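Each chain, written out:
Number of protein chains: 2
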Amino acid sequence: MKDQEIIQPRVLKGFRDSLPSAQIPKEALVSTLQKHFSSYGFVPIDTPALEYMEILLGKGGGETDKQIFHFTDQGGREVALRFDLTVPFARYLAQHEHELALPFKRYHIDKVWRGENPQKGRYREFTQCDFDIVGVDNAESDAEILSLMASSFEKMNVKHARFHVAHRGMFNTLLGNLGVENLSVDILRLVDKLRKIGEQETEEQLRALVKNERTARAILSYISKEDEKEPFETTLDRLAALLGGENEHTLRMRTIHSYLKAEGIEERFLFDPSITRGLDYYTGIVYETFLEGSEQIGSVCSGGRYNDLASLYTKTHLPGVGSSIGLDRLLAALEGAYDYRASDVLILNTDKSRYPEAIRVAKRLREAGLKVALFFEPKKLPAQYKWAEANAIPKAIILDRDEEGSFTLRDLGTRTNAVVSIGEAVALLKKEQP
Amino acid sequence: MKDQEIIQPRVLKGFRDSLPSAQIPKEALVSTLQKHFSSYGFVPIDTPALEYMEILLGKGGGETDKQIFHFTDQGGREVALRFDLTVPFARYLAQHEHELALPFKRYHIDKVWRGENPQKGRYREFTQCDFDIVGVDNAESDAEILSLMASSFEKMNVKHARFHVAHRGMFNTLLGNLGVENLSVDILRLVDKLRKIGEQETEEQLRALVKNERTARAILSYISKEDEKEPFETTLDRLAALLGGENEHTLRMRTIHSYLKAEGIEERFLFDPSITRGLDYYTGIVYETFLEGSEQIGSVCSGGRYNDLASLYTKTHLPGVGSSIGLDRLLAALEGAYDYRASDVLILNTDKSRYPEAIRVAKRLREAGLKVALFFEPKKLPAQYKWAEANAIPKAIILDRDEEGSFTLRDLGTRTNAVVSIGEAVALLKKEQP
Chain L
1 MKDQEIIQPR VLKGFRDSLP SAQIPKEALV STLQKHFSSY GFVPIDTPAL EYMEILLGKG
61 GGETDKQIFH FTDQGGREVA LRFDLTVPFA RYLAQHEHEL ALPFKRYHID KVWRGENPQK
121 GRYREFTQCD FDIVGVDNAE SDAEILSLMA SSFEKMNVKH ARFHVAHRGM FNTLLGNLGV
181 ENLSVDILRL VDKLRKIGEQ ETEEQLRALV KNERTARAIL SYISKEDEKE PFETTLDRLA
241 ALLGGENEHT LRMRTIHSYL KAEGIEERFL FDPSITRGLD YYTGIVYETF LEGSEQIGSV
301 CSGGRYNDLA SLYTKTHLPG VGSSIGLDRL LAALEGAYDY RASDVLILNT DKSRYPEAIR
361 VAKRLREAGL KVALFFEPKK LPAQYKWAEA NAIPKAIILD RDEEGSFTLR DLGTRTNAVV
421 SIGEAVALLK KEQP
Chain W
435 MKDQEIIQPR VLKGFRDSLP SAQIPKEALV STLQKHFSSY GFVPIDTPAL EYMEILLGKG
495 GGETDKQIFH FTDQGGREVA LRFDLTVPFA RYLAQHEHEL ALPFKRYHID KVWRGENPQK
555 GRYREFTQCD FDIVGVDNAE SDAEILSLMA SSFEKMNVKH ARFHVAHRGM FNTLLGNLGV
615 ENLSVDILRL VDKLRKIGEQ ETEEQLRALV KNERTARAIL SYISKEDEKE PFETTLDRLA
675 ALLGGENEHT LRMRTIHSYL KAEGIEERFL FDPSITRGLD YYTGIVYETF LEGSEQIGSV
735 CSGGRYNDLA SLYTKTHLPG VGSSIGLDRL LAALEGAYDY RASDVLILNT DKSRYPEAIR
795 VAKRLREAGL KVALFFEPKK LPAQYKWAEA NAIPKAIILD RDEEGSFTLR DLGTRTNAVV
855 SIGEAVALLK KEQP
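Each protein sequence line maps, in turn, to chains L and W.
Residue 123 in my numbering is what sits at position 123 of the first sequence, and the numbering runs on without skipping anything.
Just add 434 to wherever you are in the second sequence, counting from 1, and you've got my numbering.
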């Protein structure tokens, strides 16, 4: 290569590299979720990153449309990077409907892109994690999505997640009773902002919208809860009374709740009538998830039941229920909760002639499920310790015994040594794995 | 939503959806590899899908440049989708060199894009899987990459992979001895095509290139092996003699081979002097991997040692050694070797009032590590069996006993039933997991 100026290494605005300290916990979470979704019989799919612009735009006009990252490709086609995993899934369902057995339970964890101007903490490239059940409309599938949400957070070791559930059909009943169902889209969007703009501002905007103080107050009294921790069924009873009695939606909620009780997870769920989700395609249950003590970061897992997902691309009626975990947001909230550890142990290189022995020891430790690094060169020990520290490796092995299979195990934190056999080393190191 | 024409669901030319039957084995392979790479102390990184065109083009002029999928974005910037994981890694190393401790061992498994015209079996979007050790130049790191290749195929349960290794430095010594080192780039590319165009065509083109029959024959005799299975060290002895004796490169190969022997994996490796890798940045060992009986699909894992990866973006000298598994190609070759099974067992819905019990049974089976699906509606049994078959679910549970925790387990293949406890069901089902 000729001598030349170097090219300034940089990434595009709104994009970022992921260093190992961020990527290790992310891969661990994704792997946990994949395994857990599979345990419910959900299957993975994938779709292209790039699609026809007309497919992703759909009927157009939505909030997300302005954010679509689009281009003209070499062939003059209008193409765009997917901005979520829902629209490609709708297209996918229509395109493959004869290859899929309904109900179809899929998950999809991958990147999406937005062309919006990046703000603090928001990026143009981020990872979504969606799971949906398509082809049925019943309490059983609603309850399974909620069960999968609760158990996923359990599996991710996030104990302080609280699931806020409401029902769009119940809210629409209220709007119908009040004679303002024609304003439902605007009212939904307004109520959805409650957490952001506060109760007073919501009331003022509501009044301006419905032009009737009593109606505004009725809506506000429906979505407000005096006691945040009011038990699910108490809230449901209260709301049913406000709606003038039970209907198919309140009964659906009662059945869903009975299934949560059957599983013993009902205490993780609150009936929160202020949850509406801004998007107008939801028709049944809707939900958001907040981390107790970190509510300000917003919902880390949201979704709901929709009546007809793929109607833009097929005449087949496909109701469904689904949820989406905001992985990057969740990881940011959990920062520091996960160990960044490149290896469990480093085999030091103190005597080059021992390297074949080091290879054999590493092999046996790896077979026992340990993460093992070898130091490649017989450098001075401080340099080797420094490398171990930079990689957050807590222990080191020094091959210094005549008998192969026995060596010194050093704790790099306490700087203490112990002579151990391979079997003893495995037991010790396994016990301290994160 | 108003009545409207449906949008024809379709994907861009050269792109494809991944159905669960393809995505399940792919995720399983990726997960196996992530875990295995980690066991060697390799850490994951990620880089943006989209980069500045000037970064990805680098010095330009290469074969891959024509294939870069590039666009002008909304801000008028020339941007491109990454076409491999090597160039972004070089940029990443330069940009983060003060945050990384050398040697840096990373893996990166993700999608790349090519704008070339798609041909049979080639797509514009595919997955690469790279692993590299950067910051050292020694036999220990060379041997670790080879060890990781061999054990990765072992872990993926691909027993018929054969690793063909050569050394670019040895080949350059030959060209130097013959006085044709100035033609080395063209000779490398030509020899790299040997497998495709055959020995005779290679000889003719070589003769035309070096304009000397004796030189052409000397090169050809160096790269040819009469006995395909000639032991590694025998080939090395023979080639060292052709080069006029041992030099630093032959000695490096001897040390690498001694480490493969220390690990007991030397029989998986052949010294194959016809391996040159077309790319001119390789300077040391080079390798390709063929599946015995499926050689025609080409190499499924290739790479080598390079002298200076990131020189376009930094003045820091960064030698390294790395390898890349062609996941999509490998999966195509292994098609059918993996079970597509959405769940291990389906709990049938024969009595709606039993659904809470079904939820509890499913929970216990999942906690035991099983994949369990619930049928949501009390449909007729043939419909439930049909769904199980479409999802390749081999067993069903019928809740039909008075005592909770005991039920009928049905083998959907043999159509035989047995009454079992939960504990017995777990044991039976675990035994038959793939």
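One or more hints might be untrue.
As the list claims (entries may be wrong) - Residues of chain W clear of chain L, computed beta-carbon distances all greater than 10 Å:
(1) 451
(2) 475
(3) 485
(4) 547
(5) 603
(6) 677
(7) 732
(8) 769
(9) 777
(10) 806
(11) 811
Said to hold, decoys possible - Distance condition first, Cα-Cα at most 20 Å in a straight line; then the derived EDC-like pairs of lysine to aspartate or glutamate:
(12) L:363 with W:811
(13) L:155 with L:73
(14) W:593 with W:697
(15) W:663 with W:729
(16) L:261 with W:773
(17) W:447 with L:267
(18) W:695 with L:226
(19) L:386 with W:531
(20) L:111 with W:451
(21) W:865 with W:785
(22) L:35 with L:267
(23) L:363 with W:785
Hints in this document: simulated from the structure, not taken from any laboratory.
The model shown is predicted, which means the values in this text are computed figures rather than measured ones.
The beta-carbon is built from N, C-alpha and C at its ideal position, and this holds for glycine as well.
Quick rundown of the hints versus the structure:
1. A cut-off of 10 Å between C-beta atoms contradicts the statement that residue 451 (chain W) is not in contact with chain L; the least separation is 5 Å.
2. Its closest Cβ contact with chain L, about 3 Å, brings residue 475 (chain W) to no more than 10 Å, contrary to its assignment away from the interface.
3. With a closest Cβ-Cβ approach of about 7 Å to chain L, residue 485 (chain W) is found to fall inside the 10 Å limit, against its non-interface label.
4. Separation of residue 547 (chain W) from chain L is inadequate, the least Cβ-Cβ distance of about 7 Å not exceeding the 10 Å criterion.
5. Distance to chain L confirms residue 603 (chain W) as a non-interface residue, since its nearest Cβ pair spans about 17 Å, more than 10 Å.
6. Every Cβ of chain L is farther than 10 Å from the Cβ of residue 677 (chain W); the closest lies at roughly 26 Å, confirming the non-interface assignment.
7. No beta-carbon of chain L comes within 10 Å of the beta-carbon of residue 732 (chain W); the shortest separation is about 24 Å.
8. Every beta carbon of chain L lies more than 10 Å from that of residue 769 (chain W), the smallest distance being close to 17 Å; the non-interface claim holds.
9. Its closest Cβ contact with chain L, about 4 Å, brings residue 777 (chain W) to no more than 10 Å, contrary to its assignment away from the interface.
10. Distance check on residue 806 (chain W): its Cβ comes as close as 6 Å (rounded) to a Cβ of chain L, failing to clear the 10 Å threshold; non-interface status is violated.
11. Its beta-carbon lying about 6 Å from the closest one in chain L, residue 811 (chain W) breaks the requirement of being farther than 10 Å from that chain.
12. Of the pairs offered as hints, the one joining residue 363 (chain L) and residue 811 (chain W) is violated, with about 51 Å between alpha carbons and a cut-off of 20 Å exceeded.
13. The straight-line distance between the Cα atoms of residue 155 (chain L) and residue 73 (chain L) is roughly 42 Å, outside the 20 Å bound, and the hint therefore fails.
14. At roughly 17 Å between alpha-carbon atoms, residue 593 (chain W) and residue 697 (chain W) fall within 20 Å of each other, so this suggested pair holds.
15. Of the supplied pair hints, the one linking residue 663 (chain W) and residue 729 (chain W) holds, its CA atoms being roughly 15 Å apart against a limit of 20 Å.
16. Straight-line distance between C-alpha atoms of residue 261 (chain L) and residue 773 (chain W) comes to about 35 Å, which puts the hinted pair past the 20 Å bound.
17. Between the alpha carbons of residue 447 (chain W) and residue 267 (chain L) the distance comes to roughly 50 Å, so the proposed pair goes past 20 Å and is violated.
18. As the CA atoms of residue 695 (chain W) and residue 226 (chain L) are separated by approximately 73 Å, the hinted pair breaks the 20 Å bound.
19. With a C-alpha separation of about 16 Å, the suggested pair residue 386 (chain L) and residue 531 (chain W) falls inside the 20 Å cut-off, and the hint holds.
20. Taking the CA atoms of residue 111 (chain L) and residue 451 (chain W), the gap is about 15 Å. The hint holds against a cut of 20 Å.
21. The hinted pair formed by residue 865 (chain W) and residue 785 (chain W) fails the criterion: a straight-line CA distance of about 29 Å is larger than 20 Å.
22. Among the hinted pairs, residue 35 (chain L) with residue 267 (chain L) is inconsistent with the structure: their alpha-carbon atoms are about 25 Å apart, more than 20 Å.
23. In summary, the hint linking residue 363 (chain L) to residue 785 (chain W) is not supported, as the alpha carbons are separated by about 53 Å, beyond the 20 Å threshold.
Checked against the numbered hints listed earlier, the structure breaks hints 1, 2, 3, 4, 9, 10, 11, 12, 13, 16, 17, 18, 21, 22 and 23; every other hint is satisfied.
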